[in-house]
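Visitor: With numbering that gives the first Met the number 0 as the guide, the letters of the sequence shown map in order to residues 0 to 206.
Treat the hints as calculated values from the structure; they're not laboratory data.
Since no wrong hints were added, every one of them can be taken at face value.
Label-pair restraints from in silico Cβ distances: (1) Leu125 to Leu166: 15 to 21 Å; (2) Ser75 to Trp174: 29 to 35 Å; (3) Ala159 to Gly27: 44 to 50 Å.
For glycine and all other residues, C-beta sits at the position ideal for the given N, C-alpha and C.
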Amino acid sequence: MLRALLIVAAAYLLGSIPWSYLTAAAAGRKLSTVGDGNIGAHNVMRHAGRGWGVVALLLDAGKGALAVLVARTWGSQEWLPVGAALVAVLGHNYPLWLGFRGGKGLATSLGAVLALFPALSWLVLLVTAITLALTRNLAFTGLLAALALTLAAYIGSYDAPYVLAPLGLLALMGWRQLRDLRRMWREAPDKRDLVLNRWIRDREARL
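All chains, please: the whole structure from these sequences, using the hints.
Guide: Okay, here's the thing in structure tokens:
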């Protein structure tokens, strides 16, 4: 049990590494002061360039995948890889190193589910690519990918922790997203612009 607790703690610390913040800093940007202030790869891509954004995306996804692989390699409990995935995303969303103000967890969740479900990686990537291409909305893309993966895991007779894992990750992302949306609503001078651009089109609203 002690080993499991250490793995969970390591997953949180791993998830807490603010790769997007560090990547943006390397590009000369302070991520918390540009765009919507989100400490995530999407904000890096918008304000530091696509190349830096891809680097941040890969690093943030990598820590989610690594947390799962560490739990799978050194842990013995069936639930531990799922627990490590959830805690890594929690670490990304509420990082110790940045005063518990982080990102929304989409990239870290993507890396985690690719490691949790290697046989279903094609489905995750396909749904993500198609939905993102059609809607350009990251929140809706994450929702649809999580629901598709949950259904596929259930049909594929995966163990219960794995069937519920995408919904748990979705809950963590959704809670963080809702908190930011409430803040934006309070601060936005133009509510219509906020709804149209930020909530529907996933573009930056005039805050």
